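Peer 1: Can you make the complete structure from the sequences, with help from the hints?
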Amino acid sequence: MPRPNRGAYLKWIEERGCFYIQWYEQGRPRKRSTGFADVRDAEQALSQFIFERQRERVSGPREPGQLLVTDALAYYVEHHADTAADPVRIKQAVKALVPFWLGVLVDGVTKGTCQRYQKVRDKAVATVRRELTTLRAAINYAHSEGLLTRPVPVWLPDKPDSKDRWLTRSEAAALLNAARIGRSDVRAYLPLFIVLGLYTGKRKQAILDLRWPQVDMKNKLIDFRKRDDAGEVKGQTSKRRGRQPIPNRLMTFLRLAHKRRHGDLGYVIHDKGQRILDIGDGKSGSFGTACKRAELSGVTPHTLRHTCGTWLAQKGVPLFQIGGWLDHSDSRTTELYAHHHPDFQGEALEAMNRRK
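Under our numbering, the letters of the sequence shown match residues 1 to 356, in that order.
No lab work stands behind these hints: they were computed from the structure.
Bear in mind the structure is a predicted one, so any value in this text is a computation, not a measurement.
One should not assume that every hint holds.
[Stated by the list, open to error] Think about it this way: if two alpha-carbon atoms lie no more than 25 Å apart in a straight line, the pair counts; the simulated BS3-like pairs of lysine-lysine are: (1) 159 x 283; (2) 95 x 123; (3) 95 x 31; (4) 111 x 91; (5) 226 x 159; (6) 283 x 315; (7) 315 x 292.
Peer 2: So, in structure tokens, the structure goes:
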């Protein structure tokens, strides 16, 4: 009689000095080395092993009580992530979600379990909210693709107050100088990334995805719209990407980078021809190192985008034009820059100052 299957689990093999993954197939024991003696590393290896095995098991439609959360996440990564605006961020979120939700069915996603996830994760509210938003998107995607008979609601922590962190001209100069004195490989791409962010206001992933065929040096125009491997424009997501004229100061940087490019079809941000997948955040990666060197706190790659919008507002650019420059799909987002405008509430102030 086949032995009851308890699923994959960790087992310490003394003679090997490391943990093994043990499981049963048709009643027969199977095992695989994790290569780790540390239990935390071994648990991560086990999570990845289970996640990969579950990728092949999804077939539906099923009731929420019949589909594993990790199956929904795996399907979302495999069939949707690479076509999204920021596939790297989606995959990072899924990697964080998997250990907690292992063995949990979709109907086990409740307000209580989501709040426990927030407590166990012990990260910033914005980070947890982004990860749970990815979980919600995966469940909704599973429903839209016919894997689930119905979706379930996913509780999210309240959205934190938006940060009005932007760079002054001197701070921007300090960050750029810090990028220029980093490692030789970083000096080749980080300064260009920074000026692209400051002058175009585009999101990090849009800049990292940019290739030279999208940059019209003759007509001074950049087409940030995402393209497939054949060069065809992909459909827009909620994080829109448009076409934009190139400011003169940015053009100087692009001309120099164009001379040093590795092939006419290559990425604008690269390391010796190799694409840069991520530059980190305000505390890690090449961008984080530059921030520390420049002694800047609270700065992330997204701060460059916010700085661009703030500078435009401070120069008196109408809000609707700022929204177009930043590819905003919602005017309420652009209104966040209103208080930086030199005429902010000017008419109201003038009215209040009148004696009659």
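Peer 1: Against each hint, give a clear statement of whether it holds in the structure.
Peer 2: Now the hints, each set against the structure:
1. 159 x 283: Holds - the C-alpha atoms of residue 283 and residue 159 are around 22 Å apart, at most 25 Å.
2. 95 x 123: Holds, at roughly 14 Å.
3. 95 x 31: holds, 23 Å
4. 111 x 91: holds, 23 Å
5. 226 x 159: Answer violated: residue 226 to residue 159 is near 28 Å, above 25 Å.
6. 283 x 315: violated, 31 Å
7. 315 x 292: Violated, at about 29 Å.
Consistency with the previously given hints fails for numbers 5, 6, 7, ordered from lowest to highest.
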